[in-house]
Amino acid sequence: MKNVILVQRRDPRSDDEDNQIKFLELEELARSNDYRVVGEVIQYRFPDRKCQIGQGKVEELIALIREKAAEKVIFYNQLNSTQIYNISEACQCEVIDKFQLILEIFATRATTNRSKLQVELAQLRYELPKARMLVSLLKKEERPGFMGLGGYEDSYEQDIKKRISRINKELGASLRDDEALRTFRHEKGFSLVALAGYTNAGKSTLFRTLVHEDVPVENMLFTTLLPTTRSLTINKRRMLLTDTVGFIEDLPHWMVDAFRSTLEGVFLADVILLVADISEPAPLIRKKLAVCHDIFWEQLENASIITVLNKADRISEEQVQMRLDQIGYLAPNPVVISAKASFGIDTLKETIFQKLPIWEYLRLSLPMSEEGMSVVSWLFDEGLVHNIDYGDTIVMDIEARHEIISRAESLEQELWDSSSSL
Amino acid sequence: MYNIIAVDISGRHLMGEQYFMVCAAVTLSVSASQIRRVGEMNIKSFNRDRAPDVDYVVQMIEDTVDGLNTDATIVVEKGDLYNQPEWLSKIMFSQDLKYPESLSERLGIEIAHHVSLSSRRLLIRKFGIE
Chain X
0 MKNVILVQRR DPRSDDEDNQ IKFLELEELA RSNDYRVVGE VIQYRFPDRK CQIGQGKVEE
60 LIALIREKAA EKVIFYNQLN STQIYNISEA CQCEVIDKFQ LILEIFATRA TTNRSKLQVE
120 LAQLRYELPK ARMLVSLLKK EERPGFMGLG GYEDSYEQDI KKRISRINKE LGASLRDDEA
180 LRTFRHEKGF SLVALAGYTN AGKSTLFRTL VHEDVPVENM LFTTLLPTTR SLTINKRRML
240 LTDTVGFIED LPHWMVDAFR STLEGVFLAD VILLVADISE PAPLIRKKLA VCHDIFWEQL
300 ENASIITVLN KADRISEEQV QMRLDQIGYL APNPVVISAK ASFGIDTLKE TIFQKLPIWE
360 YLRLSLPMSE EGMSVVSWLF DEGLVHNIDY GDTIVMDIEA RHEIISRAES LEQELWDSSS
420 SL
Chain L
0 MYNIIAVDIS GRHLMGEQYF MVCAAVTLSV SASQIRRVGE MNIKSFNRDR APDVDYVVQM
60 IEDTVDGLNT DATIVVEKGD LYNQPEWLSK IMFSQDLKYP ESLSERLGIE IAHHVSLSSR
120 RLLIRKFGIE
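Protein sequence lines, in the order shown, are assigned to chains X and L. Following numbering that gives the first Met the number 0, the numbering of the first sequence begins with 0 at its first residue and continues without gaps. Following numbering that gives the first Met the number 0, the numbering of the second sequence begins with 0 at its first residue and continues without gaps.
Here chain L stands alone, though its shape is the one from the complex (with noise of 0.2 Å):
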């Protein structure tokens, strides 16, 4: 059993005239097929009037991942960071980071789409923002 942090980031589309993303970050317990338990959550939102490039990516997970008190390796999507090569990604951060191999990592991806884009719909509605 090891621990991760799971980072998925939802909006990062055009929507009136802005770019309104969340980001939602998820600490989990894992082994190698299954989600043994699942710890912190922390959720950021990031307004943009341009497209977020590799850099204001990098930034937004940094930005979230501190909110959370475990130290772990941060597991995001290759597309995420728009499919650069692991390597590249792994020097663009102060954290450890890895694309997802095992079953149980793409879980907690899982996991971390479903709380951002929940609360991305939930601020949406909340806030008014068309």
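Extracted from the complex, chain X is given alone in its bound form (with noise of 0.2 Å):
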């Protein structure tokens, strides 16, 4: 476990609840990598050019660097080569920030080859800007090439650009993989119910919970990184519900955009269950929720959203009122649950289900034949059969999407006329 020390540069006046909220999360972040977290330095100034914060802050950090044997330093604040550079040798170790860390996160928590490509092109994004910078800094002495005319500067960004552009092309196969499969499931007659929220706010658990599975559930940041599908039936509905990675506040684009793969099951899903941890304090609820309606915001196309407001357990019922109270403009058809106690489950499955994309109701009857069977069993897949009669003819009453009520009612046609010119 590497000893680290925390660094924030807050702005002058900004809000200071606001900040210690950020300072906490980058806390918890690092102890989601294993750090063990030593020591913090913040400051109250404007950034400086040369090393984020000021010049003595800088020798403070030296200091507590020496005390506590710390190996690492995180900065809160995104820095540039130039900074990280100058930091790095000044306090003579490794200099990181936020985005780094959650990038570490991710590499570690990536166990298949997707998550693993994610992770690099990150990684790739996160490095491209700073990579002319990165040599012209730790090669200033050398000249390369024949009599120092040559540049090797270009050629490691070159390097990034070819390695990204190829990276790209294997997310994007596998993207169209998903995408006909997500097709496929809609057309097998499943509705997508996808999780979605803030970092652990207990996702895993509800899906657990939720579909009788043991998937990895942690109390730490990103222990989700690639989604899960399960099937769920609620009243004879069946459906698929995935479970995702987490949002994160100041989630870089370039970072989502890596991520897009893992986080377009949520943004095509028909219902969405935005968990939301309801111990929190009523203001850093608020944040959160904020945060993932600015991502729904952006992506979402037509889903309904469910906020599951989990944890329950962990507050008494005047706090879980008043938490309501303060935060129910941002909580769409808000259910009270706690997925760990198992309590309120009923309620979120019957929301769940009045919020599935309606279904249409059909009375049909065809031939006692083997084309009018192969049509029963296919009506079996595809939607809910309330009844069904085998008499002279089959008379079914089946409950489908629009498209599948359509073609039922086209194949019943069909069966007849064929059956009648026989």
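Hints were generated in silico from the structure; no laboratory data involved. These numbers were taken from a predicted model, which means no experiment stands behind them. There is no bait here: all hints are sound.
Straight-line C-alpha distance at most 27 Å; calculated BS3-like pairs for lysine-lysine:
no.	chain 1	residue 1	chain 2	residue 2
1	X	Lys1	X	Lys129
2	X	Lys129	X	Lys49
3	X	Lys71	X	Lys129
4	X	Lys49	X	Lys67
5	L	Lys77	X	Lys286
6	L	Lys89	X	Lys21
7	X	Lys71	X	Lys1
8	X	Lys286	X	Lys354
9	L	Lys77	X	Lys21
10	X	Lys339	X	Lys354
11	L	Lys97	X	Lys286
12	L	Lys89	X	Lys286
13	X	Lys115	X	Lys1
14	X	Lys339	X	Lys286
15	X	Lys168	X	Lys129
16	X	Lys49	X	Lys71
17	X	Lys21	X	Lys286
18	X	Lys21	L	Lys97
Here are the simulated distance ranges between beta carbons:
no.	chain 1	residue 1	chain 2	residue 2	range
19	X	Val394	L	Glu109	45 to 51 Å
20	X	Arg362	L	Ser117	47 to 53 Å
21	L	Leu116	X	Ala172	35 to 41 Å
22	L	Asp52	X	Gln19	28 to 34 Å
The following residues of chain L were derived to be distant from chain X, with all beta-carbon distances above 10 Å:
no.	residue
23	Arg11
24	Ala50
25	Asp54
C-beta atoms are modelled at their ideal positions from N, C-alpha and C, and glycine is treated no differently.
Hints are included, so try docking the two chains, each in its own frame, into the full complex.
Next up, the structure:
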């Protein structure tokens, strides 16, 4: 376990509570990556060009590193390559910022080929703007090539660009496979439900409770990196529930782009379960929900949102009511539950059922023939059969999506036409 | 369900030798993710020979909102107030103000944006402003 020191530069007159929340989140992120936080440095000032924090604060940081034997410094603020170089030279230890920390976490958790590619893509996108500067800083004294006229700065940048385009191509192919799979699932009569929300809100615990299956659940950020999908049946309607990666505030666009294929499961769902931790203070829940709304606003298509307020067992009923009043304007269709204590799950299931895309009812009669039986079997797959009567003809009451109903009607017509012509 | 006044300003760029801006304020009843009802609208145009500063933007929004009969929280894009922190913008207004958070508030601003943009285009065409 490495000892780390966390640093945050706060703008003068900025919201202190907000700054504190951000700092705690950084601490949480550091712990998630197995770091031991041994010191904190906070400064109120506008950014310094050389080191982000002031020169005096850098001296203070150096002393703290020596005292606590820290091996790494993590900045909340985004650092450019010159700043990273200057601070690491002064402190004689590794310096990273919040985004690099997130990438480190993602890299350690990535297990499948696709998630590894996504992490590499995000790392390369992060590195690209810094590539030129990094090489020129490290090779200040050297002049490569014949008589110092060559240059490897460009080639390093070109290498990164080439690798990015290769990864994009590979991820594009897997994305197409995903889309095809999603369409297939829709056609098979499944409705798509996705779990979304801020990281560590308890999405995986809820997933486990809903589908009765073990997926890794831990009290740390970004436990889930790749979407997991399982089937779920509520009131005989079949649906696929997907657990996804959590959101985080100020996630830079290059990172969202890199994980687009993971998040697309959320954006193309019929119903989104927006999970929030109700045991947290109201301003924090508000902030986290606002981040989710922000991401939804950019990407969401036509989906119903259900706000699942999880971890209700940790606070009293009065507190739950108070929080609901305070955050209600950001919580569409709120349902209070505790995934761990399995409380409120039935109400949640009922709400999910109500928000599913509307299915239509149809009573149809089919000839008792081989073709008729194959239509019956198809309808059992695609929709919900309420009633079936095998007499001289097959009479059935079904409920299904509009496309299925129209297809069933035309098939019914076709079968009767062909049987009468025989 | 709660009421908001969504505000948007179009035309904050130099056109010929002046800034011809249109501010639209729309009252809406919204839930967390949907707009339930669109109420009143007020549109006001402003002419200025130099770029609008924060004070002028505040004045434009206040003047436009004054024409409405609804009393609700004004919702305006952070960028419209030069990305000032919310607490600073709040104290500059006589009415409650906030930046958009929920999907419905963002939708509200989108409506106000369509109103201000189309009104500005119409006015430019009608008065032949070049």
